[in-house]
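Protein chains in written order, with the working numbering: chain A, 1 to 315; chain B, 1 to 315.
Since the hints were derived computationally from the structure, they do not count as laboratory data.
Keep in mind that a hint or two might mislead.
Where chains are identical, the list cannot tell them apart; a pair therefore holds if satisfied intra-copy or between any two copies.
Stated by the list, open to error - Below 27 Å or equal to it, Euclidean Cα-Cα: the simulated DSS-like pairs (lysine-lysine) are:
| no. | residue 1 | residue 2 |
| --- | --- | --- |
| 1 | 295 | 111 |
| 2 | 312 | 298 |
| 3 | 110 | 37 |
| 4 | 111 | 37 |
| 5 | 111 | 312 |
| 6 | 111 | 141 |
| 7 | 2 | 139 |
| 8 | 220 | 2 |
| 9 | 110 | 295 |
| 10 | 312 | 295 |
| 11 | 220 | 291 |
| 12 | 37 | 141 |
| 13 | 37 | 295 |
| 14 | 12 | 37 |
Treat the numbers as computed from the prediction; the structure is a model and nothing was measured.
Here's the letter readout for the chains.
2 protein chains.
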Amino acid sequence: MKFLPDFSDIEKAHLIVQQYAHRTPVLTSVSINNMTKGNLYFKCENFQKVGAFKFRGACNAVFSLSEEEAQQGVATHSSGNHAAALALAARMRGIAAHIVMPRTSPEIKKKAVAGYGANITFCEPTLQARESTLAEVIKDKGATEIHPYNNFHVIAGQGTAAKELIEGSGPFDIILAPVGGGGLLSGTALAAKHMLPECNVFAAEPAGADDAFRSFHANKLIPSDHPVTIADGLLTSLGERNFAIIMDNVDDIVTVSEEAIVEAMRLIWERMKIIVEPSSAVPLAAILEGKVDVKNMKVGIILSGGNLDLGKLPF
Amino acid sequence: MKFLPDFSDIEKAHLIVQQYAHRTPVLTSVSINNMTKGNLYFKCENFQKVGAFKFRGACNAVFSLSEEEAQQGVATHSSGNHAAALALAARMRGIAAHIVMPRTSPEIKKKAVAGYGANITFCEPTLQARESTLAEVIKDKGATEIHPYNNFHVIAGQGTAAKELIEGSGPFDIILAPVGGGGLLSGTALAAKHMLPECNVFAAEPAGADDAFRSFHANKLIPSDHPVTIADGLLTSLGERNFAIIMDNVDDIVTVSEEAIVEAMRLIWERMKIIVEPSSAVPLAAILEGKVDVKNMKVGIILSGGNLDLGKLPF
Numbered sequence: 001m002k003f004l005p006d007f008s009d010i011e012k013a014h015l016i017v018q019q020y021a022h023r024t025p026v027l028t029s030v031s032i033n034n035m036t037k038g039n040l041y042f043k044c045e046n047f048q049k050v051g052a053f054k055f056r057g058a059c060n061a062v063f064s065l066s067e068e069e070a071q072q073g074v075a076t077h078s079s080g081n082h083a084a085a086l087a088l089a090a091r092m093r094g095i096a097a098h099i100v101m102p103r104t105s106p107e108i109k110k111k112a113v114a115g116y117g118a119n120i121t122f123c124e125p126t127l128q129a130r131e132s133t134l135a136e137v138i139k140d141k142g143a144t145e146i147h148p149y150n151n152f153h154v155i156a157g158q159g160t161a162a163k164e165l166i167e168g169s170g171p172f173d174i175i176l177a178p179v180g181g182g183g184l185l186s187g188t189a190l191a192a193k194h195m196l197p198e199c200n201v202f203a204a205e206p207a208g209a210d211d212a213f214r215s216f217h218a219n220k221l222i223p224s225d226h227p228v229t230i231a232d233g234l235l236t237s238l239g240e241r242n243f244a245i246i247m248d249n250v251d252d253i254v255t256v257s258e259e260a261i262v263e264a265m266r267l268i269w270e271r272m273k274i275i276v277e278p279s280s281a282v283p284l285a286a287i288l289e290g291k292v293d294v295k296n297m298k299v300g301i302i303l304s305g306g307n308l309d310l311g312k313l314p315f
Numbered sequence: 001m002k003f004l005p006d007f008s009d010i011e012k013a014h015l016i017v018q019q020y021a022h023r024t025p026v027l028t029s030v031s032i033n034n035m036t037k038g039n040l041y042f043k044c045e046n047f048q049k050v051g052a053f054k055f056r057g058a059c060n061a062v063f064s065l066s067e068e069e070a071q072q073g074v075a076t077h078s079s080g081n082h083a084a085a086l087a088l089a090a091r092m093r094g095i096a097a098h099i100v101m102p103r104t105s106p107e108i109k110k111k112a113v114a115g116y117g118a119n120i121t122f123c124e125p126t127l128q129a130r131e132s133t134l135a136e137v138i139k140d141k142g143a144t145e146i147h148p149y150n151n152f153h154v155i156a157g158q159g160t161a162a163k164e165l166i167e168g169s170g171p172f173d174i175i176l177a178p179v180g181g182g183g184l185l186s187g188t189a190l191a192a193k194h195m196l197p198e199c200n201v202f203a204a205e206p207a208g209a210d211d212a213f214r215s216f217h218a219n220k221l222i223p224s225d226h227p228v229t230i231a232d233g234l235l236t237s238l239g240e241r242n243f244a245i246i247m248d249n250v251d252d253i254v255t256v257s258e259e260a261i262v263e264a265m266r267l268i269w270e271r272m273k274i275i276v277e278p279s280s281a282v283p284l285a286a287i288l289e290g291k292v293d294v295k296n297m298k299v300g301i302i303l304s305g306g307n308l309d310l311g312k313l314p315f
């Protein structure tokens, strides 16, 4: 078994994913283009099943299991979107999903995971608590762990969003994605660099959770240290597989302020009339703050998801 | 000149409207279908130019003017969406738009109208003040009044949304639209009853602004009396042309509570990940309250718009 997926694995993943996931629309906004001087194409994974790109990776991972493995079920720890994604993918295959969730996860995400029929175990909101609780669950059930991002099939599955974006609206001068654990970014970069070798792949990360930025520029993996950001999908630290792919396929990682994230999120809501979670707004925030120059460029942007508590908006 | 448009006028309007307006997408939601037991198709006019169906009618009215009329500009009073729509349509034709707006209109709507280059005159938020201020503006400028809904070309233009919905996703057992002044409802009913004679056309109205409900059931036009509702696009009273078309083409009008409007709006935001204004949620509110039975029915619903102050949400 290979450690790192390549484009052929994204192609294989796509054959699975397209059977179960939405081919999400790509939207543009005249007013945001006027404001940024770029030509921006937004791949709307907020419209994906479970409201986030995470369904692609979870789906590929679940349906890539052997029949024997599948019968033991799957397990993971996740702050929310991956949990819902894995729960739904497992239900589609008719197998059990065991989910370890931090007790501080947004209510809407807890409800979604429960609604997909998963077995939930709550834990403290620390990486250590998540990992030790998951280890117990796996020992108990014999389930296969599907890591939210540091997983071969998950990375290949996440790459299918960029593949669809490029197939439908490419070529692009720049592809932009947010980075948290690096599942979306590593899959996106693999797809983009194979399909469009001349395209620049950039990632945007909240300054308050900048482990990918620091790791990328130090050329070694540096874990997060008490990250704080409104972009709750990007609190996690990069995985090893993700980091290796990112180092070889991403051109730069930039950081953005919390204020820019909120401003970008509000702009997407007001001008595009779609609901995106803060993590989704991080790439546009990088453009608004001048960290990525898009003037006269054709730019593909992955909007990662649309799950958030509507009762707790930052505006 | 005919007083009331018919389907041939909607067809003519469509030849104009499709040159300038978006052919908006039609979305469905598995979870909302599960909840309502119906098969619901939402025509997303929140994605229309200026964020509302109103652009269709304004566009048809502006481009139906003679060259001589057009040179004098257009004028209207509007609480917001029609004002923005008329301003943009006028700019597209290169003529002046004079807009009378209640000073209490949402900030986002005031900004939008100003952004389209219209000449705005603010007035008190009463029908009387709107009409007298508009009369002064028209006398002063010689502009043609384009009424927000009681206008032949506006009605024909609004009917193009239902025409597209039926062409793309029909046939339907039921077509549902909100009703305020009746421009959208009268156009929708004309299109639906011509294209699908067996289809039931229902309208939903806030109980706090129920002039259409009372007029329909009394068989005579009864103006609004101090209407109060969160659905700010539906505060206006039915026009005579709208009423005449509605009486002959609408099967029933039902009312909904404010609570149901907010619940329906939140459901659309959370499940469909799109931003709609309260007026758009009124038809789904009628389904949630059991006022319209959609069990095992295929239902077309017009989502009228997506403009609202994000800083003043009801949840």
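Checked hints:
1. In this assembly of identical chains, the alpha carbons of residue 295 and residue 111 lie at most 27 Å apart only when taken from different copies (26 Å versus 42 Å within one copy).
2. For the identical chains of this complex, residue 312 and residue 298 are neighbours neither inside a copy (34 Å) nor across copies (35 Å), given an alpha-carbon limit of 27 Å.
3. Taking the shortest Cα distances, residue 110 and residue 37 sit within 27 Å of each other only across copies (25 Å), while inside one copy they are farther apart (39 Å).
4. For the homomeric pair residue 111 and residue 37, the shortest alpha-carbon distance between copies (21 Å) is at most 27 Å, but the shortest distance inside one copy (40 Å) is not.
5. Taking CA atoms no more than 27 Å apart as the test, residue 111 paired with residue 312 passes in both settings, with 16 Å inside one copy and 25 Å between copies.
6. Taking the shortest Cα distances, residue 111 and residue 141 sit within 27 Å of each other inside one copy (23 Å), while across copies they are farther apart (58 Å).
7. In the homo-oligomer, the alpha carbons of residue 2 and residue 139 lie at most 27 Å apart inside one protomer (25 Å), although the nearest pairing across protomers, at 78 Å, exceeds that limit.
8. Proximity of residue 220 and residue 2 under a CA criterion of 27 Å is satisfied intra-copy only: 22 Å inside one chain copy versus 76 Å between copies.
9. Taking CA atoms no more than 27 Å apart as the test, residue 110 paired with residue 295 passes in neither setting, with 41 Å inside one copy and 29 Å between copies.
10. For the homomeric pair residue 312 and residue 295, neither the shortest alpha-carbon distance inside one copy (34 Å) nor that between copies (34 Å) is at most 27 Å.
11. In the homo-oligomer, the alpha carbons of residue 220 and residue 291 lie at most 27 Å apart inside one protomer (23 Å), although the nearest pairing across protomers, at 62 Å, exceeds that limit.
12. In this homomeric assembly, residue 37 and residue 141 never come within 27 Å of each other (Cα to Cα): the closest approach is 54 Å inside a single copy and 36 Å across copies.
13. For a Cα distance limit of 27 Å, the shortest separation of residue 37 from residue 295 inside one copy, 5 Å, qualifies, whereas the shortest one across copies, 48 Å, does not.
14. Proximity of residue 12 to residue 37 under the C-alpha cut-off of 27 Å is found in neither arrangement, the shortest distances being 37 Å within a copy and 36 Å between copies.
When each numbered hint is compared with the structure, violations occur for hints 2, 9, 10, 12 and 14.
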